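Enquirer: Each residue of the sequence shown is one higher than the one before, starting from 468 at the first, in my numbering.
Everything labelled a hint here was simulated from the structure, so no lab data went into it. Small disclaimer: the values here were computed from a predicted structure and weren't measured. It is possible that part of the hints are untrue.
Computed spacing ranges between beta-carbons, pair by pair [unchecked claim]: (1) GLN490 x ILE468: 18 to 28 angstroms; (2) GLY512 x GLY488: 31 to 41 angstroms; (3) ASP517 x ASP477: 32 to 42 angstroms; (4) ARG516 x GLU471: 10 to 20 angstroms; (5) GLU511 x ASN491: 31 to 41 angstroms; (6) GLY512 x ASN491: 29 to 39 angstroms.
Note that beta-carbon positions come from the ideal geometry of N, C-alpha and C, so glycine has one too.
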Amino acid sequence: ILNEVVAGFDHVFLNDLPEFGTQNPTTENCARTIFERCGERMPEGLRVRDVTVWESPRCRARYSE
């Protein structure tokens, strides 16, 4: 599921993705979007706990609900 979701971010201009038509593609927003996309595809009874997106070796954003 994760590989399918993140493939949609590979080699694209993030501003062109529908999710970022009204918001900036910050690391925080990318983490939330990945969390939501994965959550929609999880089998019944399973859920995503959190998603961490790394900008660099020392900078990251984590999203959870």
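Enquirer: Each hint needs a verdict: does it hold in this structure or not?
Expert: We went through each hint and held it up to the structure:
no.: 1; hint: GLN490 x ILE468: 18 to 28 angstroms; verdict: holds (23 angstroms)
no.: 2; hint: GLY512 x GLY488: 31 to 41 angstroms; verdict: holds (33 angstroms)
no.: 3; hint: ASP517 x ASP477: 32 to 42 angstroms; verdict: violated (21 angstroms)
no.: 4; hint: ARG516 x GLU471: 10 to 20 angstroms; verdict: holds (18 angstroms)
no.: 5; hint: GLU511 x ASN491: 31 to 41 angstroms; verdict: holds (33 angstroms)
no.: 6; hint: GLY512 x ASN491: 29 to 39 angstroms; verdict: holds (34 angstroms)
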